[in-house]
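K.L.:
The primary structure of each chain is shown beneath.
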Amino acid sequence: MDMCLGVPAKVLEIRGEKALVDFGGVTREAFITLLDDVKIGDYVMIHTGYAIEKLKPEEAEEILKMLEEVNKS
Amino acid sequence: MFAGQPLAPRHEQTISRFGLRSLLPEEVEVIAGPGCPVCVTPTVALDRAVELALRGVIVTAFGDLMMVPATRMSLLEAKARGGDVRVVYSVSDAVEVARRNPDREVVFVSVGFETTAPTTASELLRGVPENFSVMCYHRLIPPAMELLLGIGDIHIDGFICPGHVAAIIGVKAFRIFAEAYKMPTTIAGFEPNDVLLAILMLLRQLRDGEAMCENEYSRVVREEGNLKAQQFIDEVYDIATADWRGIGRIPQSGLTLKKEFEDFDAEKRYEFTSMKHVDINPGCNCHLVMIGKIYPPECRLFGKVCTPQKPYGPCMVSSEGTCRIYYKYGERPKL
Ligand code: SF4
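Protein chains in written order, with this note's numbering: chain A, 1 to 73; chain B, 74 to 408.
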């Protein structure tokens, strides 16, 4: 149920109650009804298809870098 | 000895997958708590979903629920016998199934903790078609933690709380454990660094004789949590005493649909055959695994009678079940 959790997703496009998000190359739609004013470029955490919280951008980028390293090793 | 209890299976996954236990000093023991939503869903929910599927209702559920053993059969077996059971990734997919099949009845088995509850609430508030209803089995994490503290023979020195639950209910919901119960508490993310840092924070508190609620996962979790999601929960659900599979009844630990939404409550919409619901099959030790009293390999059925391909107990099914995690990653020897 927690698929994708822990990986921040970047908002590429807002489509009404949904957003197109990017999980390091994989894009999919997620609902943004649980958050106020989600903007393009924001990083969000996704749980069962819903964005549940926003991340601070610097930290999101840091995690993405860290994950990349873990995946490489 | 220090025993820290990570409540989220995702923490256990991280610990096992990266062999973190082998990095920790021998005195530090980390045991998984009852945070697997699929494992704690009482059999009655599955039995009723199976019954509806066999009666021609479309039953939608998260994939993790499919193979969970129930009293008569799992949802997967119901599907094999002709029941229309469909795996969905989110509640919105289930609502979509209902929209596309206006002449059929569609039920969504809504399980999970504070993180999943607002997603179903959000759909009910947006409006769902009349042929859609929900079996509401959401559970709450803090009451389960309180229960753990009351079990005398489990030794816990600190809690590692699930970051995704805290993202919704906030740090504030976990403060009581440090303040009233004097239990060192951290809220942690799910990367190896997160879990190690959370353990370090707990050890420092213990060394200094302190009990605080620290937020390791501050990049996501705020003091107040997600207020909008909390509001959705308040608008749609009442808090009620609830049964947890293998653990029993915990006061004020579950969510039920409010009266305004009872038309969408599958359990009010349909009649069910009365039967005995068996939560724990003879020989399965999930009830002990879930509260951290034993490690999975201590169950005699582990890996022999009970495997992910043919799970005998609920903890062997979901990728978040403790037995499943142990089966997959094993445990590395202590250094
Ligand atoms: S190994 Fe199987 S039977 Fe034993 S406790 Fe785990 S799930 Fe239950």
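Source of the hints: derived by calculation from the structure; they are not laboratory data. Here a beta-carbon is modelled for each residue, glycine too, at the ideal position from N, C-alpha and C. Among the hints, erroneous ones may be present.
Said to hold, decoys possible - BS3-like mimics (lysine-lysine), calculated; alpha carbons at most 25 angstroms apart, straight line:
{"hint": "1", "chain 1": "B", "residue 1": "301", "chain 2": "A", "residue 2": "39"}
{"hint": "2", "chain 1": "B", "residue 1": "255", "chain 2": "B", "residue 2": "366"}
{"hint": "3", "chain 1": "B", "residue 1": "341", "chain 2": "B", "residue 2": "152"}
{"hint": "4", "chain 1": "A", "residue 1": "18", "chain 2": "B", "residue 2": "255"}
Said to hold, decoys possible - Covered stretches of chain B (chain A as the covering partner; in silico rule of three or more C-beta atoms under 8 angstroms from a C-beta of chain A):
{"hint": "5", "stretch": "163 to 177"}
{"hint": "6", "stretch": "204 to 217"}
{"hint": "7", "stretch": "370 to 377"}
{"hint": "8", "stretch": "395 to 401"}
K.L.:
Each hint: holds or not?
P.N.:
Hint check:
1. Restraint check for residue 301 of chain B and residue 39 of chain A: the C-alpha separation of about 17 angstroms stays at or below 25 angstroms, so the hint holds.
2. About 21 angstroms separates the Cα atoms of residue 255 of chain B and residue 366 of chain B, which keeps this hinted pair within 25 angstroms; it holds.
3. Between residue 341 of chain B and residue 152 of chain B, the direct Cα distance comes to roughly 24 angstroms. Compliance with the 25 angstroms bound is thereby established for this hinted pair.
4. Proximity of residue 18 of chain A to residue 255 of chain B is assessed by CA-CA distance (about 42 angstroms); at most 25 angstroms being required, the pair is judged violated.
5. With 4 residues carrying a beta carbon less than 8 angstroms from a beta carbon of chain A, the stretch 163 to 177 of chain B meets the three-residue requirement, and the given coverage holds.
6. Only residues whose beta carbon comes within less than 8 angstroms of a beta carbon in chain A count, and the stretch 204 to 217 of chain B has 0; fewer than three means the coverage is violated.
7. Coverage of the stretch 370 to 377 of chain B by chain A is violated in this model, with 0 residues showing a Cβ closer than 8 angstroms to a Cβ of that chain against a need of three.
8. Interface restraint, the stretch 395 to 401 of chain B with chain A: violated (0 residues with C-beta to C-beta distance below 8 angstroms; minimum three).
Violated hints, listed in ascending order, are 4, 6, 7, 8; each of the other numbered hints is respected by the structure.
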